[in-house]
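**Student:** Spelled out from the first residue to the last, the chains are:
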Amino acid sequence: MLEIIDLSKRYDNGVLAVDKLNLTVKPGEVFVMLGANGAGKTTTMMCVLGFTEPTGGTAKIMGVDATKDPLGAKKHVAYVSENVRLYGNFTAKQNLEFFTRLAGRTQVSSEEYAQVLERVGLEKEAVSRRLKGFSKGMRQRLGIAIAIMKQAEVILLDEPTSGLDPKGGVEFLKLLEELRQEGKAIFMTSHDIFRARQIADRVGIMSSGRMVHIITRQEIDDDRVDLSKLYIKVIEASLEGAGARAETSSAS
Amino acid sequence: MFTVLVKKEILNNILSFRFAVTFLLFFLLISGSVLMMAANHQKQVLDYSNAKAAYRQRISQMRDYNEFEIFGMTDRRRPNRLSIFAMGLEPDMSRSVTNSQMRNVEIGGTPYANPLFALFSTPDVTYIVNIVVSLLAILFVFDAVSGEREEETLKLILSNPVPRDMILMGKCVGSLVCLCAAFLISLGVGLVAARVSMSLVFTPGQWLRIGILIMTSLLYISSFLMLGLFISTCVRGSGTSLMISLLAWVVLVLGIPNVVPIVARQVVPLESTQKLASEMRAIEQEEWEAVKKTMRRGMSREESRRIFTETRRTIEDRSEALTDSYMNKFVNQASVARVMSRISPSACFTYASTTLTGTGVDAYEGFIRYVHEDFRDQFEASLSEIRRPSRSRRESSDQVDLTKLPEFALTGPTTELILKDSLLDIALLFVYNTLFFLGAFVRFLRYDVN
Numbered sequence: 001m002l003e004i005i006d007l008s009k010r011y012d013n014g015v016l017a018v019d020k021l022n023l024t025v026k027p028g029e030v031f032v033m034l035g036a037n038g039a040g041k042t043t044t045m046m047c048v049l050g051f052t053e054p055t056g057g058t059a060k061i062m063g064v065d066a067t068k069d070p071l072g073a074k075k076h077v078a079y080v081s082e083n084v085r086l087y088g089n090f091t092a093k094q095n096l097e098f099f100t101r102l103a104g105r106t107q108v109s110s111e112e113y114a115q116v117l118e119r120v121g122l123e124k125e126a127v128s129r130r131l132k133g134f135s136k137g138m139r140q141r142l143g144i145a146i147a148i149m150k151q152a153e154v155i156l157l158d159e160p161t162s163g164l165d166p167k168g169g170v171e172f173l174k175l176l177e178e179l180r181q182e183g184k185a186i187f188m189t190s191h192d193i194f195r196a197r198q199i200a201d202r203v204g205i206m207s208s209g210r211m212v213h214i215i216t217r218q219e220i221d222d223d224r225v226d227l228s229k230l231y232i233k234v235i236e237a238s239l240e241g242a243g244a245r246a247e248t249s250s251a252s
Numbered sequence: 001m002f003t004v005l006v007k008k009e010i011l012n013n014i015l016s017f018r019f020a021v022t023f024l025l026f027f028l029l030i031s032g033s034v035l036m037m038a039a040n041h042q043k044q045v046l047d048y049s050n051a052k053a054a055y056r057q058r059i060s061q062m063r064d065y066n067e068f069e070i071f072g073m074t075d076r077r078r079p080n081r082l083s084i085f086a087m088g089l090e091p092d093m094s095r096s097v098t099n100s101q102m103r104n105v106e107i108g109g110t111p112y113a114n115p116l117f118a119l120f121s122t123p124d125v126t127y128i129v130n131i132v133v134s135l136l137a138i139l140f141v142f143d144a145v146s147g148e149r150e151e152e153t154l155k156l157i158l159s160n161p162v163p164r165d166m167i168l169m170g171k172c173v174g175s176l177v178c179l180c181a182a183f184l185i186s187l188g189v190g191l192v193a194a195r196v197s198m199s200l201v202f203t204p205g206q207w208l209r210i211g212i213l214i215m216t217s218l219l220y221i222s223s224f225l226m227l228g229l230f231i232s233t234c235v236r237g238s239g240t241s242l243m244i245s246l247l248a249w250v251v252l253v254l255g256i257p258n259v260v261p262i263v264a265r266q267v268v269p270l271e272s273t274q275k276l277a278s279e280m281r282a283i284e285q286e287e288w289e290a291v292k293k294t295m296r297r298g299m300s301r302e303e304s305r306r307i308f309t310e311t312r313r314t315i316e317d318r319s320e321a322l323t324d325s326y327m328n329k330f331v332n333q334a335s336v337a338r339v340m341s342r343i344s345p346s347a348c349f350t351y352a353s354t355t356l357t358g359t360g361v362d363a364y365e366g367f368i369r370y371v372h373e374d375f376r377d378q379f380e381a382s383l384s385e386i387r388r389p390s391r392s393r394r395e396s397s398d399q400v401d402l403t404k405l406p407e408f409a410l411t412g413p414t415t416e417l418i419l420k421d422s423l424l425d426i427a428l429l430f431v432y433n434t435l436f437f438l439g440a441f442v443r444f445l446r447y448d449v450n
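For the protein sequence lines, the chains are A and B, in the order given. Quick note: the first sequence uses the working numbering, first residue 1, plus one each step. Quick note: the second sequence uses the working numbering, first residue 1, plus one each step.
Chain A with its partners taken away, still in its complex shape (with noise of 0.2 Å):
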């Protein structure tokens, strides 16, 4: 399980990435958190990893505090990144054998390693090809089977459907839902309406670093509510509250 409780983050040069955010995710929900950029759905995400140490507030990782004890934390975490690169020079088998002895899994049989590669949807004359030819959705591939070799509870994806073609995208919500069968907790976030209505269990809409609407699946299968609408509905709002906050702090 993830919780974020009162989750802060003031930049250096004074800009507030993060106020005051609060947020669970329980096993086997897929969280899906949109926002434009800039709205602090990375910022949240880097917080939660240990990457950025929050001003205010903390997040928990299986009852974990990530602030007081980072490396105990990232035991119960894998992370998938936007764009997963990876080792060029290595295969996707040494790329993936080096991440899962990393997570500290060090008895793995090749078998499980061939697994889950077929899992993901490698192509078997993929796994020994060196990574520098591959695509971004085969990197992408990787990167979730890089996540599902370290056996967390708790999974963190960052814009992972970004730049994937349709085919692409659909493979990898069929792995994001059994990953949810398996009871995983997944936070996402996306800029993508599309797909966080296909996976999601609950869609946060950030903006100006606050959580300003949370929609459940039920609201989602509404078919009087439109997700696209609603987003931009609620983006406007909240921006519109946000520059006559600015305007009334600058006043006064």
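Don't read these hints as lab results, they were simulated from the structure. Remember, it's a predicted structure, so these values are computed and weren't measured experimentally. Be a bit skeptical, because a hint or two may be false.
Derived pair list, reagent style PhoX-like, types lysine-lysine, alpha-carbon separation capped at 25 Å [said to hold, decoys possible]:
(1) Lys7/B <-> Lys132/A
(2) Lys93/A <-> Lys7/B
(3) Lys75/A <-> Lys7/B
(4) Lys155/B <-> Lys136/A
(5) Lys155/B <-> Lys93/A
(6) Lys60/A <-> Lys155/B
(7) Lys68/A <-> Lys7/B
(8) Lys155/B <-> Lys75/A
Selected chain A positions facing chain B (Cβ under 10 Å, derived; list incomplete) [stated by the list, open to error]:
(9) Thr42
(10) Thr43
(11) Leu49
(12) Gly72
(13) Lys74
(14) Val77
(15) Leu86
(16) Tyr87
(17) Asn89
(18) Leu102
(19) Ala103
(20) Val127
(21) Arg130
(22) Arg210
Per the computed footprint, the stretches of chain B lying under chain A, defined by three or more beta-carbons under 8 Å from a beta-carbon of chain A, are [stated by the list, open to error]:
(23) 4-10
(24) 149-155
Backbone N, C-alpha and C fix where the C-beta goes; we use that ideal spot for every residue, glycine too.
Since the structure of chain A is provided, determine the placement of chain B on it from the hints.
**Tutor:** Below, chain B without anything else, positioned relative to chain A:
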């Protein structure tokens, strides 16, 4: 976990194009240099033996003391085998030394040397390590951290329960192992090839010095690796990292060692050698003018000889005083330059390697001292023993027995002393390694991976 990181670094390096180029360059340059320098040394030894044989033949034929008075004796220093690794000031010491009663000690050169060899001298191993290997070392790691940030692999590594210091250590050790292995293999191949093709052998003492020289080279290579790593942790982009790394290399390897002597000349001014020579000529002229005035007709041969010998001694004493004063200033200037240049690891490495091979400034000063003091004294002391008064009318002048002439036997400092002399520079290289690593360590702990 640490082993996993080190293995990854080694494998990633070995599979890279950068390593292939580096290894090829190391192999060609280092192995080639050892072979060429060994061949060059072999030729020097042959030249030395020939010159020595010619000299022996000449003195065996010399019977007339007058002839000996004019030409004196000429000997030379045996070529230093360790100069294969660091030529240093060896060419300035492998020269003939002439002692005669008529003149001061003369250190000769040859007018037949090919000037092209001076213009394009064969690079020795320490030159290659100093210039080429240091550049390749810094280029090997310039993007170790910034490049991984750009490729986002750093984020993926750090999303695992791995401490940052361990990641940095893994990078250090992995890169160091690759570069050191490439260096040692290249050097080893060169030495084996030289042993097989030219029967190049070293004494146990020389092997000890070679061993320490190799360790010093590795320490020097490591200092540039650490510097590259430090720079990589200070910037976000690998392009910027490359530029700063190149700049740092130029300043440390080309800038400081070349600029410092100029600065030292300003700090400790020293008159030109031409001025010194003209002052010495003036002394000579003045003394001989005085002799002309004291010489009178009817003076006995013995008295003339006494005046002549005394004058020569006075000239020598005054010249020596002048030279001593000049040398003191010179040594002072050299020490200032030496101290200042030690802010560069390149200078420390040059001092350490030339000291270890006996081709450095200390060895040169020892050579000059030996030539002007010990060898000269031995020569003068032997004069009374080699002169044999004429015994018959057929012998127009006194005879000589040149078997009693001293041999040029400059014994270098002991291995212990050499190690002691090189210790400061080796320690400084260690300090640079520590400083650069600590800098990288502190920066990496706070490195922004976004």
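**Student:** Now look at each hint and say whether the structure bears it out.
**Tutor:** Hint check:
no. : hint                  : verdict
1   : Lys7/B <-> Lys132/A   : 20 Å, holds
2   : Lys93/A <-> Lys7/B    : 15 Å, holds
3   : Lys75/A <-> Lys7/B    : 22 Å, holds
4   : Lys155/B <-> Lys136/A : 18 Å, holds
5   : Lys155/B <-> Lys93/A  : 20 Å, holds
6   : Lys60/A <-> Lys155/B  : 19 Å, holds
7   : Lys68/A <-> Lys7/B    : 30 Å, violated
8   : Lys155/B <-> Lys75/A  : 15 Å, holds
9   : Thr42                 : 8 Å, holds
10  : Thr43                 : 8 Å, holds
11  : Leu49                 : 5 Å, holds
12  : Gly72                 : 7 Å, holds
13  : Lys74                 : 4 Å, holds
14  : Val77                 : 7 Å, holds
15  : Leu86                 : 6 Å, holds
16  : Tyr87                 : 6 Å, holds
17  : Asn89                 : 4 Å, holds
18  : Leu102                : 5 Å, holds
19  : Ala103                : 5 Å, holds
20  : Val127                : 16 Å, violated
21  : Arg130                : 8 Å, holds
22  : Arg210                : 20 Å, violated
23  : 4-10                  : holds (count 3)
24  : 149-155               : holds (count 4)
Taken one by one, the earlier hints fail for this structure at numbers 7, 20, 22, listed in ascending order.
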